[in-house]
Structures are given as C-alpha cells and as structure tokens.
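Enquirer: Residue numbers (numbering that gives the first Met the number 0), protein chains in the order written: chain A, 0 to 274; chain B, 0 to 430.
Everything labelled a hint here was simulated from the structure, so no lab data went into it. The structure displayed is predicted, hence computed values, not measured ones. There are no misleading hints in this set.
Derived CB-CB ranges, DEER-like: (1) A/PRO22 / B/ASP78: 19 to 29 Å; (2) B/GLN428 / A/GLY180: 56 to 66 Å; (3) B/ASP78 / A/SER19: 21 to 31 Å; (4) B/ASP78 / A/VAL265: 31 to 41 Å.
Chain A is faced by these chain B residues, among others (derived, beta-carbon under 8 Å): (5) ASP48; (6) SER89; (7) ALA260; (8) TRP275.
Built from N, CA and C at the ideal position, the CB exists for glycine as well.
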Amino acid sequence: MKKIKRIFIYLFLSTAAIVSIFPFLWMIVSMTNKSVDVTRGKLTPGMHFIENLNNLLETTQIGIALWNSFLIAVITTVLTLLIGSLAGYGFEIYRSKGKDMIFNILILSMMIPFAAIMIPLYRLFGRISADAPFIGLDTLAAAFLPTIITAFFIFFFRQNTKMFAKELVEAGRIDGLSELGIFFRIYLPTMKTTYAAAAIIAFMNSWNNYLWPLVVLQSPENQTIPLLISNLGAGYTPDYGVIMTAIVIATLPTALVFFLMQRHFVAGMMGSVKG
Amino acid sequence: MRKNFWLLMIALLTAIVLAACSGGDDGSGNAEEEDNGDDGSQITAWAWDPNFNIAALNLAKEHYDNENFEMEIIENAQDDIVQRLNTGLSSGTMKGMPNIVLIEDQRAQSFLQSYPDAFYAIGDYFNPEDFADYKLAPTSFDGEQYGLPFDTGVTGFFYRTDYLEEAGYTHDDLVNITWSEYVEIAKDVKEQTGQAMLSLDPNDLGILRVMMQTTGTWYTSEDGTIQLEGNEPLQMALENYKELMENDLVKLSSDWSQYLAAFNSGDVASVPAGNWIGPSVEAEESQAGLWRVAPTPRLDMEGAANASNQGGSSFYVLNIDGKEAAAEFLGETFGSNVEFYQDLVQEVGAIGTFKPASEGDAYQFENEFFNGQQVVYDFSQWMEEIPQVDYGMNTYGIEDILSAEIQQYLDGKSLEDVLSDAQTQAENQFK
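With the rest of the complex left out, here is chain A (with noise of 0.2 Å):
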C-alpha cells in the first residue's frame, strides 16, 4: 500500500517536473534548429547553433543591449536594496506617530498600475530633459530612477526587521555607535539573507521590465534586452532559431544570479512569511 502511494507521488513530481522544465529544454533544443524546424515543432537538437548565433551577432546589437540591461538591472539592484531597506528599517525600528498611517500610504500606491502613472512620468522626464538631458528621456538613468523606489521592497524589509533583534540596536546606542553605523554595521550584516532575497527581486524585475524602458529608450543604442527580443520578433517571417538563441542569452544573467543566491532566497522568504 505505501509502494502504491509512493508511486503515485513520484509520478505526480515528475509530471510537474516535466511540465515546468519542458519550456526551458524546447528552448535550448530549438536555439540548435533551423526557424522552420522550430515552427515544426522538431524535439531534437540540430546543427544550427553556429549559425543562429552569427545571425544574431550580425543583425542586432545583443552585446550593447546585454550591457545597458546589466548597468541598469545592477544600478537599481544596488539603490532599490539600500532605499528599501533603510526606509524599512526606520518604520519598524523608529517610534513615530504617523508612521503607520504613511505606511498604508504607501502599501496602497502599490495598487495603481504602472500603465495609470507613466504619461505623467514620461511627461515628466520630458521636462527635465530640458534642463538636465543627463537624466532626461533616452537616457539609462531614465530607465531605472522611477524604478528604484518601490513600496513593496520598503514593505518587505518592514518584515523581515520584526524579527531582528532590537536589542542589538540599544546596544549599539550604549556602545556608541551613531544610528547609520548602527544600520551598516549591525543590521545589514546579520539580515544577509533578506538582502539577498531582495537582490534576486529586484535583479529579475529590473532585467525583466519591458514597458517603461520601451518608451523612454529610444535610440538603439540604449536598448534593453526584452526592447531587443521584442524587435526580433516583429518581422512578418520571423527567424525563431535566432530568436530562441537570443532568450537563451537573455535568460542566463537571471539564471546565474539565482542559482549563487538560491540558499539565501530560500531563508529570506521563510523570514518575510515568518514576520
């Protein structure tokens, strides 16, 4: 009876298995085959790779388009984590009268889709353009100073500090330390695995995000990778063993960031769910 039961769970964890890593593999095997192959539907590795991958090189600009992608997803990363956390540290360890009443502010504005506020941001940027065209439309910093400020990040560290220690903060008082040494030097060190949970969000958004780049970054030479695969994929015979080449290497860069932070991920979620 337990073999019985055995079975069926493993056949249930291979079926999902199956299913959630079958895109991935049809993406690798079809990045070897001809486009028509890949519209067939052909399940076996080809002898095209080379191939696609010099077309690819040679039609787009993906080693510019990786770059830009990569400044801003590393840009955001690295401001998004340290706004978020000290606005998240100072709600949950600062006493203020209003500071739950600006909080729900703040939660509740991540109920308006982006698609409400970006005319007046692009607006917005226009204006400045004007006066500061270093940080107007069509420039990098364009694509990732709206995204830098989010309240859900300020919301998850607002979390994760219920379960830091607060005595650790009065001691740091007692010692001496002033309250920004107490944030670098004691809190950021022991919430490592929140940071890191953090950093893979943000990375992921940031590499991922296609509307706002999409109408700021105009020129080709500041185009992201989703705005790169969107234009390969626009021509009325589009090549799809180009196209998958170019997911393929599109898909690495979060790959990798997952998998060297996939330990601490894990623990930062268990914490934020925790809190």
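Assemble the complex: chain A is given as a structure, and chain B must be docked to it using the hints.
Expert: Just chain B now, kept in the frame of chain A:
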C-alpha cells in the same frame, strides 16, 4: 480602529484621484510642442521588420539623390511603435519622436483623429491620385493627406495545386469564386485528401475583415457609426466562418509560428491571406512548384469584388523640425520613383501601391515557385480593384468584443443575437 479605517479610506481616495487625473491628461497635452526634439539636421525613421519595411527605407535612401540628407532608421516592433507614439503624443512631449513613422493602415485613423496637430500634411509632396484608391481613406483625415501609401496588403488565395487537383479542381475553377464556393471546395478537399483547407487563429479575425472588404463594408460606417447589427456582409462572412469551423475544414493555430507551420508542413491546402505571406510560403523550398495564387474569393453579394486587403501600412511625417526634409524624401522616392519600385519588388519583395509602377519590368517576373505565375503583376492588378473602406478608429477594439461573441455563435447562439449583443457592447465602449 475606526480612525484608522477613515484614514485608509482617505488614502485610497487620494490614490484613485491621482490615478484618474493622470489618465484624463491624455488628450489635452498634445498641442504643446516646446520640445522639438532633434535639431533637424538628421532625420530619424521608425519602422518594423528589417527584411521588409526597413529594407525598403534603406533602398529608398539609396535612390534619393541628396547629399545633405542623412537618415537614421530605427527598428521597432510594430506594437512598440504604437506604444511609444501613444505615450509620446499623449504626453505632448515631442522629444525623441521620429520624423518619419510607419503606421498600419487599420490603426492610422486612431492616431490622426486623436492627435491631429502631431502630424504634418504631406499631400503637396506627391500626387495622391497615383496611388491605389483604397489606400487614400485610411491615410487622410479632414480633407488632408497625411500618409504616403506604402505596401499593399492585397490578398490572394494561395493554394496547393496537388491537393486541389486531387479533389478535382483546376486553376480556372478557383478563379473569381465566392466564399460559399470556397467552403464547398474545402469540403471536397477534406473528403478527397483528408487535409484541412486553411489554418486560422481563433483570436485573429483577419479572415472576416478580408471577406467583408470584398463588398466595401466594415465594422463601422464612414461617419464612424458602429454597424454590426444588420450588417449583411458581416453576417454572411460569419456564416461562412461557422461553416468552415463546424465541418472541421480548419486547422486551428494558436500563434503565428503555428500558423506558418500549418502550410510549411503541408497540413493545409490553401492560405487566403495578404500577399506578404508569400515569402513565408516560399520559405519551404521543398514545396516549389506546388503552389499557385488565385484571386480572393468574394462574398456572394452584388457589387462585391474578387479583391481584398489584409494589413499594409503607410509612412507618416511628424510635425516637428525636419518635417520638410522628411516629406521631400518620401515624395521623391516612395511618392514618384517608378524605378525605385522595380528594385523594391526585386530586392525586397515588397509590392507598393503606386499604380504607375506595375507596368515596369520587375512586375512581370515569372515566379518559379508558383508554377511560373506572374504573381507580382497579378497582385498589382487585383490591388486596383480593392473596394475602398474607411477603417475608422476602433477596428481592433470592436474585434476584441466580436471574438468573444463569435465563440458563443459557434456554440449555438443565434447570429442576430450575437451581432446585436456585440453592437450594444461596442456602442457602450466606444461612445
């Protein structure tokens, strides 16, 4: 507790008001042009598809005899262009907007009518009468010509000669037929060869538009009134559609790649679509000599033509610095150069809508893949017969409503109810 609740409500209200304000700004801002973008020395153009539209622009640049003219062509997916234009124009910030932009004909009116000041009328730079009539309504607004008509979406009935022969049909049997005859032929093909007649994506109602335009009607009338209820051509088109679906004559596809695969792998006997599908058909080299193209079937009504349109786009000039240079460039190349159009057909495979071009040599080319048929010439002839239609502002919006209703029609809801329900919904949405 109570106090908190009220604070929350106030915050929620503020959030809603903020969001609403930002939405309401859409129309008002487009008159501002404080930022005129580039300094005018260099022209930028936005288009999609490097092998087609962008190749055409590059070719035009080669044919343009002007040393001071510099143009940067930026590749953007079509949906991305729509998104960028909408954001830019509705925020009234012209910075970063291109001088020349390619817009699909069925979308053009929504831009021209929403942002009339943002576009530059270019009717003086070429003679609109040189172009296929059906292209003029979508590209003009308020008596002014804004678009320079580019490629034609003239449709053809691409078919597999081997399958059709097996079912007992010759080319002559397929010329100038009606859609109901097409359905009957499809049944024979299914019976004799076991193959489906065509592939369709249920979310894409392009085929209905193709059928409807053969009679010169659309979802909306010329003054913009929505006319789904009692629209006889649409009813007829839907009946044909249902007949095809119910008799299992359609191979369903869920996206573009499956649609292409259906005919590349020989699973369907025909592809009724715009001429731009040609290169995708030819992509499967092993099927060379097995395809031909007949005129598009028409709806069984008086005055219907065996010609229709699917897709096709035109160039527009934005009302910013550099507009004269951009308009001159378009006028001298796409607007009047017959030789350029010959190269366009040969090198890019794009068929323009410039009527004088069809007498050139390149148009007489006999395509081996299609059994030596003069495909380009045939298309250019059918193009001149396409009934003119005003696509209006909401083609795609109405279609979203229709596609939901059509599922119910296939499930047995009566045609009258389907169309009157869709009519009510569309009227509410696009008031």
